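6 protein chains.
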Amino acid sequence: MANLEHLYPAGKAGFKDSEVTKFHECIKEWNGEAARGYGILGAPLSKPSISHSGAAQAPAAIRQAFTSYTTYAIESGLDLKDIAIHDFGDVAMHVTDLALSHDRIEETFYEVYKRNPDMLPIILGGDHSISCPSIKAFAKAKGSVGVIQFDAHHDLRNLEDGGPSNGTPFRGLLESGAIKGEHLVQIGIRSFSNSDEYRQYGKEKGVTIYTMKDVRERKITDILQESIAALKDKVDCLYISVDMDVMDQAFAPGCPAIGPGGMDSATLLEGIRYLGAQPIVKGMDIVEIDPTIDFRNMTSRVAAHVVMNYIAGKEE
Amino acid sequence: MANLEHLYPAGKAGFKDSEVTKFHECIKEWNGEAARGYGILGAPLSKPSISHSGAAQAPAAIRQAFTSYTTYAIESGLDLKDIAIHDFGDVAMHVTDLALSHDRIEETFYEVYKRNPDMLPIILGGDHSISCPSIKAFAKAKGSVGVIQFDAHHDLRNLEDGGPSNGTPFRGLLESGAIKGEHLVQIGIRSFSNSDEYRQYGKEKGVTIYTMKDVRERKITDILQESIAALKDKVDCLYISVDMDVMDQAFAPGCPAIGPGGMDSATLLEGIRYLGAQPIVKGMDIVEIDPTIDFRNMTSRVAAHVVMNYIAGKEE
Amino acid sequence: MANLEHLYPAGKAGFKDSEVTKFHECIKEWNGEAARGYGILGAPLSKPSISHSGAAQAPAAIRQAFTSYTTYAIESGLDLKDIAIHDFGDVAMHVTDLALSHDRIEETFYEVYKRNPDMLPIILGGDHSISCPSIKAFAKAKGSVGVIQFDAHHDLRNLEDGGPSNGTPFRGLLESGAIKGEHLVQIGIRSFSNSDEYRQYGKEKGVTIYTMKDVRERKITDILQESIAALKDKVDCLYISVDMDVMDQAFAPGCPAIGPGGMDSATLLEGIRYLGAQPIVKGMDIVEIDPTIDFRNMTSRVAAHVVMNYIAGKEE
Amino acid sequence: MANLEHLYPAGKAGFKDSEVTKFHECIKEWNGEAARGYGILGAPLSKPSISHSGAAQAPAAIRQAFTSYTTYAIESGLDLKDIAIHDFGDVAMHVTDLALSHDRIEETFYEVYKRNPDMLPIILGGDHSISCPSIKAFAKAKGSVGVIQFDAHHDLRNLEDGGPSNGTPFRGLLESGAIKGEHLVQIGIRSFSNSDEYRQYGKEKGVTIYTMKDVRERKITDILQESIAALKDKVDCLYISVDMDVMDQAFAPGCPAIGPGGMDSATLLEGIRYLGAQPIVKGMDIVEIDPTIDFRNMTSRVAAHVVMNYIAGKEE
Amino acid sequence: MANLEHLYPAGKAGFKDSEVTKFHECIKEWNGEAARGYGILGAPLSKPSISHSGAAQAPAAIRQAFTSYTTYAIESGLDLKDIAIHDFGDVAMHVTDLALSHDRIEETFYEVYKRNPDMLPIILGGDHSISCPSIKAFAKAKGSVGVIQFDAHHDLRNLEDGGPSNGTPFRGLLESGAIKGEHLVQIGIRSFSNSDEYRQYGKEKGVTIYTMKDVRERKITDILQESIAALKDKVDCLYISVDMDVMDQAFAPGCPAIGPGGMDSATLLEGIRYLGAQPIVKGMDIVEIDPTIDFRNMTSRVAAHVVMNYIAGKEE
Amino acid sequence: MANLEHLYPAGKAGFKDSEVTKFHECIKEWNGEAARGYGILGAPLSKPSISHSGAAQAPAAIRQAFTSYTTYAIESGLDLKDIAIHDFGDVAMHVTDLALSHDRIEETFYEVYKRNPDMLPIILGGDHSISCPSIKAFAKAKGSVGVIQFDAHHDLRNLEDGGPSNGTPFRGLLESGAIKGEHLVQIGIRSFSNSDEYRQYGKEKGVTIYTMKDVRERKITDILQESIAALKDKVDCLYISVDMDVMDQAFAPGCPAIGPGGMDSATLLEGIRYLGAQPIVKGMDIVEIDPTIDFRNMTSRVAAHVVMNYIAGKEE
Ligand SMILES: [Ca+2]
Ligand SMILES: [Ca+2]
Ligand SMILES: [Ca+2]
Ligand SMILES: [Ca+2]
Ligand SMILES: [Ca+2]
Ligand SMILES: [Ca+2]
Ligand SMILES: [Ca+2]
Ligand SMILES: [Ca+2]
Ligand SMILES: [Ca+2]
Ligand SMILES: [Ca+2]
Ligand SMILES: [Ca+2]
Ligand SMILES: [Ca+2]
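Residue numbers (UniProt numbering), protein chains in the order written: chain A, 1 to 316; chain B, 1 to 316; chain C, 1 to 316; chain D, 1 to 316; chain E, 1 to 316; chain F, 1 to 316.
For reference, chain A alone in the conformation it holds in the complex (with noise of 0.2 Å):
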């Protein structure tokens, strides 16, 4: 752009603070080389949806909730503005074949996380069907894998009949053997939004069940503190899935399965904080939230909140 005082390239701000960092202007485009730091990989994949959803437009609603914030922490005495974020973009999705989308976010992660051995990912859904490649792609890469899953629901739906869904990532990655059933715990399952038949199905792959009415009786950390300390020893890694159809309706009003009785913004964000606080967590998604049919984009402003209390939880 030319140096004329007033004119600034379309679709940027004409305002400027000169002492205020916004949080978007920490994350750059990779640059192609091994970077450090954390990155954020964009999965816009929403039609294995069982019902509509317009998930695949979350990754830019995400990006674009950044622009509202800054990088000062000051709940956490903690300024983020030298942090390195990396943006590595989105990955394209074929219009017609979904397999082969999934094909391409496992592909495409797994390669990433080879050139960037010492990159967090933080990955934007789409929708959670999403999950499935991208922890294949991550367990390959860095060994065996813990999931905490942060969801109202299991996701251990049977995959004959309807594919690979937004249903079944869990179950896809057991029955894979991506991951162990005794590795995955699942945090915020709700009455009413799941069947006997997939929790049996859970508990008799040996997975960790924390209903809502658990999270409404502890404390969140108690909760994850012990989640951490049962996994710890078994894993390499560990990584976060934040289905945010796990809070409220009233907190998150985008998602396409909305319902009353979930977790309230507050208890999340803090849960995330503690989170990103342990060494052992390397990577994390977010997934299920619609644009298209959320009340000013609060859900993905929520979903800005998640990574950046991750981050500074990092960063203690």
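What the hints contain is simulated information worked out from the structure, not anything from laboratory work.
Some hints could be false.
Treat identical chains as interchangeable: a pair holds within one or across any two.
Once the Cα atoms are required to be at most 25 Å apart in a straight line, the calculated PhoX-like pairs of lysine-lysine come out as [stated by the list, open to error]:
1) K81 - K213
2) K16 - K140
3) K81 - K203
4) K203 - K213
5) K203 - K16
6) K213 - K314
7) K114 - K232
8) K22 - K203
9) K213 - K234
10) K22 - K213
11) K16 - K205
Fair warning: this is a prediction, and the values are worked out from it, not measured in the lab.
Chain A is already provided as a structure; the job is to place chains B, C, D, E and F with the ligands on it using the hints.
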């Protein structure tokens, strides 16, 4: 329908997971024989509302919400899939004669109760005006009735200023002698939403009143235990009337009379589950949801959870 | 349902004027026997769309729109209330395998046509990708087919870049040999909505193209008369494919690809009525309505009028 | 209000251009003395509607729309700023007794006409049910009345099925003898929006019917000239009843019964201006706008232009 | 208005319950004489906002919200119906000269305070920029002022980058010497919403800062008691400035700068009631509500409750 | 960006058809060297608007709309894909000093014109106030200027009542002597949207006025031919100022001042194409689109077509 494999009737779901039972699958159209178990009865009437209301559309919206949830109450360790729920349909309202519509509710419900003495009715309003004929029919069929009303408002307005409206159901019940003041408990009454005149009227009649201040300072189950203890030897059965505006506007955005400072949904659902578990509780209505102004059918979704938690309480 | 006077089944209308027949009352669920008259077939598929589309919800939205209109075509002096319209339901789509979904459309429609040779099919999409399997099935059952396509776009994109999508149905038909280029007429093609490459491809294949400029400068019935004259001796029957985005965005606000400079609804309906009156026209589809982004179901309301005017033309 | 320079009353505009007169500035609250010129009368009633309607809010929405426009009709070379328009306010409706509300309209309007014999009433509905008592009052005060009704619908439904509703105003007028069939002209009647039974009923009563086909094929002023010629020797005065759903849904998106194939706003406004210029035309109502489902108050804005063009016609 | 029984002025409510006083009925237009009690003053200005804001429409939206509530504070056992509240109207803003608009606020408020020394002002913004001239006027009329600011943000931005905006009111007050840093308490400051630079600036000036972490871990009344104790001997009076974005986006969806992790409405209202009860608190403003992006006027409804709870506190 | 096959930069489209050029692909960021061809310049300013306006967001919305269309103008037989269009970005506005913002527009545009004498500017507002500094800069750089203004309003308000606002641009130009009255042509002026005082002011200054009645009764190209003929010997060049509210609200729902009775989009686009083809026309602005109140960006989509048809006219 003919037997082509992939053809399914219009309006039905094309995808079905064989290991999941959706809640609406428990609900069968009433076959005309004496029913046992639970009965859904719609009262799609909102023309008596003082302000413009589309609550007549709530029975359809709540039935729609059931299709989003399953039968399995993991937090209670209970699957409701073998429960018998009969859908008796909706009372046909006259287009222009509102008194006749109220009469039809009373007569139709009474007739249903007489033919189905072992059925526990769950009534979907409609505005709160429907509770007056509904409770009259209930009392006529079941004996003396105590009422536990969740509401931000007393609903004890005089009948002169606007006839039997959504502001008068409990006035109508008290004045007609259908219930006694000492058999009425109001929970969640809120500041700046009522008049002292009507509070005094209630007090004179012997009505018990718990304000939102009480709800914030005590456990909801303590308040309900106290209420049940006071009522159980005086009446033959209890009827719960749930005006959804007892909730804070953040949790029930689709009620006509929204405001801050109300209950959250977790508290309401816990209370309902507790009441369901009391054998003396034999009827319930849910009113004051206007789906035309709601966001993503949220308020009807909470209503579906009220129904499901009530049944979960009963089946525990 | 039992015989209580004012009880009506959930989901039905409580008010009925005995001297008015609503259009949906002409439509009966297919009983499995060989049907005569008209048949409604739903193809609720929009996952093949290049951009995010909820067109899978259009069959339900259009059926809903029928309930708002009556059978009496006063402008034609014709009452359609004794017309037989059979609703064959919707083809069940696979959750994740889109090619299989297209196969199911083709196979199911073909089977329906074979069993019901005297039935005139009216197909409700879905995105425009459904026209490829739909017309293949039609050609297999009915002989050589000419197609009159109302559309702002050629829909002749190459099949390599994204597979069989809503941009490729006519490319797919031409390349598979299901129809010939000289048997395809495109009406309403618009500036800034296509590429010269695809226009040339069409021209080379012998496709006839009328732009919006032609539509503005000539009467729509003249264009159609000319088209019918050119096709009627070359094919056994004609199929109309109505992409609703042929209309200006002011008249069809719920199409995914909206823009100014299109047809108004009166012109489209006049054209459809004219085509309905031609005996050689034996099939029609209506596609590219996304009810999730429409305003008050307006675009599906126009679609209902397309169906009703088509039948009025046939019955004149 | 006290005299602080920059303080202005709540609810008023803070900016005023001294050389512009806004249309609402012509409208003064009626002072109780016999008024000359024009009178605005509100009939905020929509509970008699067959389908859910918020048309009771239209008088307020139309008054609000006046504040967006000025008094200067440049296309007629006419400034209306010195015209006397009296706002008589709205009739108070009973909350639950709809027949009583209709009675109040009739009695109140009659009383207003008696006290203000030289005032030309402009009535803002409400749903179309208000035209029945409104025209009865008009006939009682002014002598025999001819009616020119702009509507997509006959509004001649039987009174048995649902009482006096928004589908019955002209049936009610004919059956009560308040007007004769040969004194009623209906313009804009649309296909698929009526039944043959009611057309026949109208024809038997001598009603003149112009369909939308007539409107598309002839000039609106020709149709109106023909209508006036037929009526002017038979009645004492004419009353125009403008059901806004006579317009296409693209131009009047806020009517309850929207659909394609209707009038555009330029045609309607030209017709109204023509009618205003006829001295025999002495009253008008505007009905069936539901502001709760409109987009940006568009339909009420057209209504404001109907009023302004009517007056411009009278003042030409 | 003339005396026809069922005619009422346009814009007024047609239904009135004789035993209920709506809150807005306590509010009378100021008659120009020295007022006692409470005064409402509107500052409808939002053009100084950094991002696009419609907060200029909030005074009207909050006044509208008062019409939804009553005078009876059942939770405090207190009826406010005899309280005198004077509506002084809104300051007229210049269309294009923003500095002049700020001057008008300061001058007009000062003049109002001088003429009404015993009136407690309640100021309805507007964006937060109005607090700078508002507090200057307050200090000039009332003596030295301490400020308790509820806000997610410091609002201490430099004045060079964009002039006096909604990011600078407290910077403007400190730099002009209108208030001292040690007389300013900020409550609810949130992570990722500020910069360390401005926190340091505040600290250097002696500002007291409570973050949302403090609010989550302590009772709001403890924090306020501590704040009052620190200020009460240093200043003549206290002014509360309530930026509604101190609340979580679930409770205040209509603020321009929304995000998760904020206060709930019950906490804010309890704090306000506590502050109202302190005699040293003599003024309050409520800012940063943009009704054009709110859902069902929810945020203005909370603002109405802030006003009502403040008065309830004062009258206890 | 690194070279992984399926990875694409955030914010870009993942699907690309190799045979289609999207219109925005013609637009390149200005490289600082003297540009030939067309230039896009944004003036994102709407704080000077009399009513609340978000028109500052229109440059971004129009640029976004370009991504929905292609370069091929089939109706003109013309592909624009090799046209050079330079995006100069947007002028940075001051947050609070509106006069300074106007100055920056004038200075920046003048500087751009001086450095790029062979570039044809296309200016994206902003409210109409930006046309005053924009045309001043144009005149200073290009010589004497004639202006063809499409608008429902004169925009000749006095400058005393509210300073230089969106109601005053042409008053400001006439009073400053930047243009002469006889060099200004206004097209589309509408009834009830102006005052006689300002029409008279215009007439006295020699302004030519065509009302909507003229547009309805004559062909738009006749009016424009007449206008060009009158201007072409008196000025060095022509500038078109397109206030989108010249269109009917059905076609331009996102303008602040909407109403019925305006132009349809086909007429406007035909006029623009005609003007583009005149060599004396050398500049254009498009103003008064508020994307925050639009439906599906419809009004910005028409604006994109205004730009594309203008260029198609020039290239014919
Ligand atoms: Ca989930
Ligand atoms: Ca999940
Ligand atoms: Ca209530
Ligand atoms: Ca109630
Ligand atoms: Ca197409
Ligand atoms: Ca198309
Ligand atoms: Ca009618
Ligand atoms: Ca009608
Ligand atoms: Ca602030
Ligand atoms: Ca703030
Ligand atoms: Ca203008
Ligand atoms: Ca204008």
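Checked hints:
{"no.": "1", "hint": "K81 - K213", "in the structure": "between (38 Å within a copy, 21 Å between copies)"}
{"no.": "2", "hint": "K16 - K140", "in the structure": "neither (43 Å within a copy, 31 Å between copies)"}
{"no.": "3", "hint": "K81 - K203", "in the structure": "between (44 Å within a copy, 20 Å between copies)"}
{"no.": "4", "hint": "K203 - K213", "in the structure": "within (18 Å within a copy, 37 Å between copies)"}
{"no.": "5", "hint": "K203 - K16", "in the structure": "between (54 Å within a copy, 23 Å between copies)"}
{"no.": "6", "hint": "K213 - K314", "in the structure": "between (29 Å within a copy, 18 Å between copies)"}
{"no.": "7", "hint": "K114 - K232", "in the structure": "within (23 Å within a copy, 62 Å between copies)"}
{"no.": "8", "hint": "K22 - K203", "in the structure": "between (44 Å within a copy, 21 Å between copies)"}
{"no.": "9", "hint": "K213 - K234", "in the structure": "neither (27 Å within a copy, 34 Å between copies)"}
{"no.": "10", "hint": "K22 - K213", "in the structure": "between (37 Å within a copy, 21 Å between copies)"}
{"no.": "11", "hint": "K16 - K205", "in the structure": "between (53 Å within a copy, 24 Å between copies)"}
In this structure, the hints that do not hold are numbers 2, 9, in rising order.
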